Amino acid sequence: MKRAITLLGVFLIILLARWIAFPNSVSGTTSHESPVQNTTEIPDIESVDNGENAFSLAGEGLRKFIRYSGFRNASAGHLIMIGVGLFFIFLAIKYDYEPLLLVPIGMGIIFGNIPFFQADNLNMQIGIYQEGSVLNYLYFGVLKGVYPPLIFLGIGAMTDFSSLISKPRLMLLGAAAQVGIFLTFLGALALGFHAQEAGAIGIIGGADGPTAIFLSSRLANGVNIIGTAANGDPIYVKNLIGPIAIAAYSYMALVPVIQPPIMRLLTTRKERLIRMKPPRAVSRLEKILFPLIGMLVTTFISPNSLPLLGMLFFGNLLKESGVTKRLADTSRNSLIDIVTIMLGLTVGASTQADRFLTTDSLVIFGLGALSFMVATAGGVIFAKVMNLFLKGDEKINPLIGAAGVSAVPDSARVVQSVGLKEDPTNHLLMHAMAPNVAGVIGSAVAAGILLSFLL
Amino acid sequence: MKRAITLLGVFLIILLARWIAFPNSVSGTTSHESPVQNTTEIPDIESVDNGENAFSLAGEGLRKFIRYSGFRNASAGHLIMIGVGLFFIFLAIKYDYEPLLLVPIGMGIIFGNIPFFQADNLNMQIGIYQEGSVLNYLYFGVLKGVYPPLIFLGIGAMTDFSSLISKPRLMLLGAAAQVGIFLTFLGALALGFHAQEAGAIGIIGGADGPTAIFLSSRLANGVNIIGTAANGDPIYVKNLIGPIAIAAYSYMALVPVIQPPIMRLLTTRKERLIRMKPPRAVSRLEKILFPLIGMLVTTFISPNSLPLLGMLFFGNLLKESGVTKRLADTSRNSLIDIVTIMLGLTVGASTQADRFLTTDSLVIFGLGALSFMVATAGGVIFAKVMNLFLKGDEKINPLIGAAGVSAVPDSARVVQSVGLKEDPTNHLLMHAMAPNVAGVIGSAVAAGILLSFLL
Amino acid sequence: MKRAITLLGVFLIILLARWIAFPNSVSGTTSHESPVQNTTEIPDIESVDNGENAFSLAGEGLRKFIRYSGFRNASAGHLIMIGVGLFFIFLAIKYDYEPLLLVPIGMGIIFGNIPFFQADNLNMQIGIYQEGSVLNYLYFGVLKGVYPPLIFLGIGAMTDFSSLISKPRLMLLGAAAQVGIFLTFLGALALGFHAQEAGAIGIIGGADGPTAIFLSSRLANGVNIIGTAANGDPIYVKNLIGPIAIAAYSYMALVPVIQPPIMRLLTTRKERLIRMKPPRAVSRLEKILFPLIGMLVTTFISPNSLPLLGMLFFGNLLKESGVTKRLADTSRNSLIDIVTIMLGLTVGASTQADRFLTTDSLVIFGLGALSFMVATAGGVIFAKVMNLFLKGDEKINPLIGAAGVSAVPDSARVVQSVGLKEDPTNHLLMHAMAPNVAGVIGSAVAAGILLSFLL
Amino acid sequence: MTPNLILLSSNINLESLVIAVSGYLIVFTALISLFWIFNLTPKLISLGKTKIRIRQGKHPLPQEGKGISGEEIAAISMALHLYLDEIHDEESGVITIKQISRAYSPWSSKIYAVRNQFNRL
Amino acid sequence: MTPNLILLSSNINLESLVIAVSGYLIVFTALISLFWIFNLTPKLISLGKTKIRIRQGKHPLPQEGKGISGEEIAAISMALHLYLDEIHDEESGVITIKQISRAYSPWSSKIYAVRNQFNRL
Amino acid sequence: MTPNLILLSSNINLESLVIAVSGYLIVFTALISLFWIFNLTPKLISLGKTKIRIRQGKHPLPQEGKGISGEEIAAISMALHLYLDEIHDEESGVITIKQISRAYSPWSSKIYAVRNQFNRL
Ligand code: NA
Ligand code: NA
Ligand code: NA
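Residue numbers (our numbering), protein chains in the order written: chain A, 1 to 455; chain B, 456 to 910; chain C, 911 to 1365; chain D, 1366 to 1486; chain E, 1487 to 1607; chain F, 1608 to 1728.
By construction, these hints were calculated from the structure, which means they are not laboratory data. You may find that some hints are simply not true.
[Claimed, not checked] Here are the simulated lysine to aspartate or glutamate pairs, EDC-like style, with alpha carbons at most 16 Å apart:
1. A:LYS144 - B:GLU586
2. A:LYS270 - A:GLU422
3. C:LYS1235 - A:GLU394
4. C:LYS1187 - C:ASP1303
5. A:LYS277 - A:GLU131
6. A:LYS325 - B:GLU849
7. C:LYS1054 - A:GLU131
8. B:LYS780 - C:ASP1006
All of these numbers come straight from a predicted model, not from anything done at the bench.
Model the full structure from these sequences, guided by the hints.
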């Protein structure tokens, strides 16, 4: 199957990249080492002796130009990452995999891997990690976790929670799928990550890009102190925002590849044929009450989810109140578009080869794939468990459990697609939207809980 | 009357809130005390003795979760403020009172009063007053007075000054109504506020939210030093941005409740029936000249009004120039919407119970109501005075004086409504727009003057 | 010719301004002197003796008001600059010269020259150079070079590179016209500017506003250290962002005045009548490949161009990918509009008379005019040289060489206009768009090279 | 035993297990609470409406949200979908302008606004 | 006397009274200046136009802004209002797309732009 | 000689001349590289397409981009231009609303989306 190759391709590229780019350091991690590779002194035209003639000066000029050019500074890592960026763009344009995310991220990866001359005492303000560069300013919104809540504002303003309000029972599927988060957390711990890092890695299983960025900017930001070395120096948490974000968005784009086999494996044909009762109509009052009650309940339980869930429900209230149409319009159009561009570009650019191509990144990608699978399985199995207590036309088609991972709306579409293959008249999309949006709430709550336990 | 109950309701809620939340400190103000209430040490799961078994650990986990949850940290103040937020949203949706302001502010109030665990040595970056939180970043635009000028840019790009240009005489009504500002300033001084605080409180009488926020961010921001204590420590001005902004927006929303009785009290039926001459057509050249001349005249007189009035007239020039349509469109749509959302949300969130529920807030609300009434009366009475010098069909319907308070376009609508009740064929709206927009200019000039006298 | 007077007018105004405003300092530059002119002590109402009566206090209040008013603080320089601002607005509205730039810049000039009271120990947060003022916050994006790349993002999202893809040969004309940059660089050095300053001045010849602002914010920002004085103090580079930006935008607006005479001077009538083969259709794949290849090639050659060219090609990919339409829409509408407003306003306001009216500004304006002329000539002459190697219907109409200066799309329109005057059926616009957009790329590459040689 | 070995060699300890298990349970708590509330809400709303109507001496409303069956909704939504789909095929040829700025001039819009607004006063 | 007492016990003093009174007066100054200028402006404009026309040997224009009486404007604006109102009732059923991006391709738009622009050159 | 004098009295030196000359040449290098690549690209693309089609046993495509001559394009673009121009003259009287928010409700749009999307899966 074409898609399987896609998945395999991503893995192989990263694996190869790791080996080719830094053959000597595969065993260890390099994230705490200095990112500066070239420490040769800055070529300085002014230092040329005045006695030299114009001809040798021209040569000097050419040499300086070449020393600063990308050709001279390119490493295998840069080229591989540029290849990955082009591959993301290819996937987005050719297969329409989450293009609104993959095109900016792909372009950002290229952006972040244009090779330039780096030296200790020179800051030409090009790279995303160089203070004062434009990318560095735009990256601020990622580092400080400002972009994700703004994305959630827009998502709230474009999400219709009707399906969830009409069948609140399906909310549980959105909770069940979060098992991926907590198992991945344990998995990351088992592989030697520190608790805060493990929490940030676990959230990949939430299948929600902004939530993943938000949590990792709080927990695995390279700034928090997690211990003290023997000599009294503080030990800093690793900065894993880049790999976590890229993993989360990659797998969200690959949901149509990852989920179907697991869904089919865990369900019988009879189960996949279950037709569900159509949802009832929902009154305007219920739609207005939903964001208000939803916000109070979830943030009282998990106050650390406030930045995400508060914004999500705020956006939804703007949409449903009926009196703030223009604010909802702007939230779900210009505002979310602007933030999406900035977020995608800078998250992509944060994959500068010398920071990104580490064993950690590889492990994170592996754990991320696992967590998506576990989450999918969690949702499907929980739906089957619920069916034990339901009867007749109340029964749930367990396929929609897979939509509980969130990845809105792609995983709901996958449910629809898998369902249609069994019975071309059984439209599950409407029903799958309920666990799908519940999964967004669920992973934001999980993020809040991890914050309160780990911070 | 239903509306009167509304007004009373607001007052009662705040009064009660003050007593219930902080029964012991009603006599004094708490704004300079530490906002941190819980100073118990941070619950730390890691400190549990290794000898304990899994069961007691689970209990510990549960205890930690509860200690961090909103239920455990909620105070009466939080709940009351959440009630106020819900009430604002109710007013906006049910009665359509300034929904573009009240929905974001109401949601912001809820946002700011979700209870979370606070301790001296712990910053979980949730609350608006916690450095590094998302709300704290967005609040920056309020604290530094950046949002109000951007709002004014958008207002300028959506305001048609034709009515004012065609009857420049009505401009005086916009000046007259600013009496509310200066009397409230004296009132606040009389109640013991310092001059800078009194100036910021006075501006509530300008009936203009962005102006109020701008001035209070400059004068009553908690940062300026206004004196020296006996022991040599500096005395800081109080931070009154929150209460002033909430008061200004609340009363702007309540204009349809506050103004009509005063308008009827001060006018005879005969006056209310006066029909005004329709305004003349205004040429394009006049419309282009208006922002240019308006800017030069007002800012030469009061340079401190530049950030507000410069932006207002800049926006209007973008609209009227005819060659910058796309810039005007963006100013009055995406840009003003984005800023409105941020402004409303953070102003609302700044009402965190422990900072907001003080005697000061109560007094400010009282003074604010008074100043709206005084301003309304000022406008109406001045219109009657002008009528002494005008004759025949030049006479002004004194009702439109009430529109001089600004609160665009609500107070103009109130004029129309009160006028229609006397004579259902006498449309005053067109005429009321003139003092209405003049009132915006007037209060911005007043803000500039207060700045130059008090800073 | 009416337009020639326009050009003359601009020069005369600035020349006069310089003499009238600062008659004594024409010989030297003032940019390193303190911008504060009034160092009289702050008028303080509180210092009035308590024994005085109300009458003298009222006088004191009046005096204080006047001392703070614009009338009292206005200098000849302020009034001249306000005149310049009004003139820009007039040009924009009357003649439609680049109104999207000239209206915001013109209004910004007025903004920045409203006179206000300045004193050493008083910051009323009005002026653009006063820390904490709103303009100062918005100016940040200019100072740090953040706005120009965002403008380029929008330009990329609205530019169709088809003409260039179909006739890649015309790309060379976009390179040829950059001769203006490098000759002006030498000219500025010859007039005594330091290398970094000269590089920033040279970029005016690129005829590209955002590029000029970006480069001058990096090279001539008043912050970089370019040497050491005899007493060991560091010598700072001059802050020339304001004059360079104003010169670049002014001449971009005046392209229809500057270019035609030069174009006619350097071409024969026969050459101006040359008809070019219509371009071929371009496939979607080519359009998608263009931004990707363009980005890799140009930024590998000149990594310092990344912030500009990366964003340009990113925007173009959003447009051409076909799957990110909403992101492209937002980039070329709300986002670019918002940034244009902020950029124009603050660049205009940075011309505060006491900083702007210096001999340096005058010299920069002179060099700028020259560089536009040289660039135009460079493009036209190179087209004629190319014709020596081309034959038959491959021949290039040398007029389109003038479009290589960029100034999109005005210089392409000028080509069309001059061409039509010779043969009303020979439409050159389509062909002129190719060197026009190539000129944007060319000047961004040149900016990158100057950065790597001079930083 | 492998699992125990992992526990020993890794950072997993009892605390982290507690975090994982109680974290998962709290997520459930949150969503079960929402389920519980929104299961109740429609009943409370229709109860409230009925009470008000009875107090006002009117007949109770036929219960909203039950009158329209799911089948009907599905039919409607499908019809709507087909309708929108058809329109979509045509719309790419249509050129229009954005809503003219009716909302900003007192000369027209404000009168307009008044008509709509003041019924409520 | 109460007022005096307030003055004593509060922060009100002569200076603050001066601020209040002169502040209010300055607001008036600003708006009266605008009133005065815009009272004059239409006269100056029509004066300017007349002079230019006379210098060009044409008849002076009928004074703009006086030809159309307020009554007529009111009638027009009401008609416009009713028209817009009607349209409003129908528009919610209409689906269109945003203006196609005519402005961006040199293949079509730029020719278009030229036609409109170069009359001015 | 004047030029030499300028060189002496100014900041121009050999280094700055090198910067100017090599800078100009590098700009040319960049744009010549692009020229070279995009001169080649259409050939590579049609080559690739032909190969694939031949491998699939089909006839090679008629070379895209050469079938439509420039003359035809010009004619089409002019026609399009005239058409758009005409429309433009009328559009200012038209009032419409923005695209209704079809994209956001699972009740209609998502079904819609599915139809379009899943052909690809
Ligand atoms: Na999720
Ligand atoms: Na006012
Ligand atoms: Na250029």
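Hints, one by one, checked against the model:
1. A:LYS144 - B:GLU586: holds, 11 Å
2. A:LYS270 - A:GLU422: Holds, at about 9 Å.
3. C:LYS1235 - A:GLU394: This hinted pair is violated, its Cα atoms lying about 41 Å apart.
4. C:LYS1187 - C:ASP1303: With a Cα-Cα distance of about 6 Å, the restraint between C:LYS1187 and C:ASP1303 holds, given a limit of 16 Å.
5. A:LYS277 - A:GLU131: violated, 57 Å
6. A:LYS325 - B:GLU849: violated, 41 Å
7. C:LYS1054 - A:GLU131: Judged against 16 Å, a Cα distance of about 11 Å means the pair holds.
8. B:LYS780 - C:ASP1006: holds, 13 Å
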